[in-house]
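> Single-letter residue listing:
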Amino acid sequence: MTRPMRPYFRTVLALAFGALSLMAAPVLAQSSPPRIVIGPGVIEPMPIAVPTFIDEGGARDYAREISRVVISDLEGTGFFRNIGEEAHISRITSFDGGIAFEDWKAINAQVLVTGAVSVAGDRITVKFRAYDVFNGTTLDGAALQFAGTTDGWRRMAHKVADVIYSKITGEGGYFDSRVVFVSESGPKNARLKRLAVMDYDGANVAYLTDSSSIVLAPRFSPQGDQIVYTSFETGFPRITLMDVATLRRRALEEQPGTMTFAPRFSPDGRTVVFSLERGGNSDIYLLDLNSGRLTQLTNSPSIETAPSFSPDGSQIVFESDRTGVQQIYVMPASGGEGTRISGGEGRYGTPVWSPRGDYIAFTKQNAGRFHIGVMRTDGSEERLLTASFLDEGPTWAPNGRVLMFTRETAGAGGQTSLWSVDITGRNLKQIPTDGPASDPAWSPLLP
Amino acid sequence: MSLAAKSLLLIAVLGLAACNNPDRYGQGGAGGPGGAGGAGGGIDTTGLGDPNNPTSIAYFNQRVGDRVLFAVDQSTLSPEARQILTAQAQWLNQNPGYAAIIEGHADEQGTREYNLNLGAKRAAAVQNFLISQGVAPGRLRTISYGKERPIEVCSAEACYAKNRRAVTVLSAGAGV
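Top line first, the protein sequences correspond to chains A and B.
Quick note: the first sequence uses the working numbering, first residue 1, plus one each step.
Quick note: the second sequence uses the working numbering, first residue 448, plus one each step.
Treat the hints as calculated values from the structure; they're not laboratory data.
Any given hint could be a false lead.
[Unchecked claim] In silico SDA-like pairs for lysine to any residue, Cα to Cα no more than 25 Å straight-line:
id: 1; chain 1: B; residue 1: K609; chain 2: A; residue 2: T409
id: 2; chain 1: B; residue 1: K609; chain 2: A; residue 2: D358
id: 3; chain 1: B; residue 1: K609; chain 2: A; residue 2: K429
id: 4; chain 1: B; residue 1: K609; chain 2: A; residue 2: G235
id: 5; chain 1: A; residue 1: K429; chain 2: B; residue 2: D497
id: 6; chain 1: A; residue 1: K167; chain 2: A; residue 2: D358
id: 7; chain 1: B; residue 1: K609; chain 2: A; residue 2: T433
id: 8; chain 1: B; residue 1: K609; chain 2: A; residue 2: K167
[Unchecked claim] Cβ-to-Cβ under 10 Å is the rule here; a few derived chain A residues that face chain B:
id: 9; residue: Q223
id: 10; residue: D312
id: 11; residue: G313
id: 12; residue: S314
id: 13; residue: Q315
id: 14; residue: D321
[To be verified] Here are the computed distance ranges between Cβ atoms for each label pair:
id: 15; chain 1: A; residue 1: R248; chain 2: B; residue 2: P501; range: 34 to 42 Å
id: 16; chain 1: A; residue 1: N427; chain 2: B; residue 2: E527; range: 29 to 37 Å
id: 17; chain 1: A; residue 1: T295; chain 2: B; residue 2: I578; range: 25 to 33 Å
All values reported here derive from a predicted model rather than from experimental measurement.
Even for Gly, the Cβ is constructed at its ideal location relative to N, Cα and C.
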């Protein structure tokens, strides 16, 4: 599923982001398959048709719901527009039957997705094909079958949508993923917080802790099997590791009289980088999870926090107020002073390196407003994607093309919520959650 | 000591501190409105002792003043703060049967991690000052809540000013 991107697509993207290219997308030529290039400029959603998947035995409800989730995933990107079944001329009655492409051309569908679902006991099988309507062909590689247990039916829908999204945009998929976050309740001055995890679209919520102590900023391990976060369970902020499957948790060994927070895993999952505060001063440290060896990476009397590894593990981006104002710096993974990369007006914090390695997302405060933004890893091409009373803490989708973050409203009744936006600033939307929610962190794409 | 035992101990200490100061996240206290004058109106002092008894926690909270306030982004102590902390140190030196956890807090303007740091700097500034005034270091411990526990909930400077604080929370016992 996580097929590497074809090289020519990388080229197209680099061009799209590197220059002011005017592109009419979706780009469609008679000889080339349907294509959306995610880049600056206006993108008209590509019209697609996803007739309800065929029930091939005991799967009528699953077939309907899976089709619904596939459509929701694709439309949720802002790049696709589903043509409702009431407008369809043809009906798909058999998965392997012929396709009347003229009927789909007539309603201007550029891509047709057909599928079939069957259930035997608790086993479910989903197969699908995506067609290039104009050329009357199957999209290369977009005819697959997934099998699993019925309780994983949403994941199969996400996998179908990931393949289609991936084929048409050339980007990696991100629908079959989870998000860990902090579920909030209670008034602003006595807020209760607990860890929760959900599908990327807000479905399938499960709570991982109770609300008896403050929890902050959970992060997935690169394999998605562990979560590291800050907990006040001992009475003091302390980094805690949780095994996702068993929910077993352990606080990292205490350095007496210190506070530890803002943890993140290294890309190999063997170490955790975090802030350690002693006597009011915070520096960045690295802990080897196997040996327990602690390494100090920064040594400065100012605030150094919010470290995040580059995906190749060679560098760490972090924030520091050594100049008197929060700014973003990059240092080697072995530590050092770092090089400042942020340069605009205002304050820059919570830098996060994209899993693709090409951008760093951040929170910016300027003139009383908060923004989520992205910049190149050398600080160039800064782009602010949002603006509000309080936006903070971006997290990257596994494909490095979408961000999720916390938005908080002002005042006594102010509440937190989760939002997502793509890296061009399009498609800003709220993620549905049961109640107030903050500090989202995206998992890698699920296996 | 095992981690679990340590945790239990910490929870016990914190629990005690919380019991002794029902007001620590709420309005009131010496630095809060109507606190310094010792009016005490509406403040539940159960377990805190009689505010007229100079050795009680209630006296410390209300008459001495349990909190100091900070300017935006600052952790330096103002002259007013130093005055309150001088009195806190005198009281602590006269009442050696108490330990204290100093809680540092920030207002909501700022990112979560930065505010945790800022709260820690504020708590440390208070701790250092108290130690400089002769309070035994072993009686003091700091914690930062960052922007997690405002006492005032409006999104305006009037509230922010009260939230940028360090609160000295007493508990019975000679050390923390």
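> Each hint should be assessed against the structure and marked as holding or not.
Cross-check of the supplied hints:
no. : hint                        : result
1   : K609/B - T409/A             : holds (20 Å)
2   : K609/B - D358/A             : violated (42 Å)
3   : K609/B - K429/A             : violated (34 Å)
4   : K609/B - G235/A             : holds (23 Å)
5   : K429/A - D497/B             : violated (54 Å)
6   : K167/A - D358/A             : holds (21 Å)
7   : K609/B - T433/A             : violated (32 Å)
8   : K609/B - K167/A             : violated (55 Å)
9   : Q223                        : violated (25 Å)
10  : D312                        : violated (24 Å)
11  : G313                        : violated (22 Å)
12  : S314                        : violated (23 Å)
13  : Q315                        : violated (19 Å)
14  : D321                        : holds (8 Å)
15  : R248/A - P501/B: 34 to 42 Å : violated (49 Å)
16  : N427/A - E527/B: 29 to 37 Å : violated (50 Å)
17  : T295/A - I578/B: 25 to 33 Å : holds (29 Å)
The structure fails to meet hints 2, 3, 5, 7, 8, 9, 10, 11, 12, 13, 15 and 16 from the earlier list, while all remaining hints are met.
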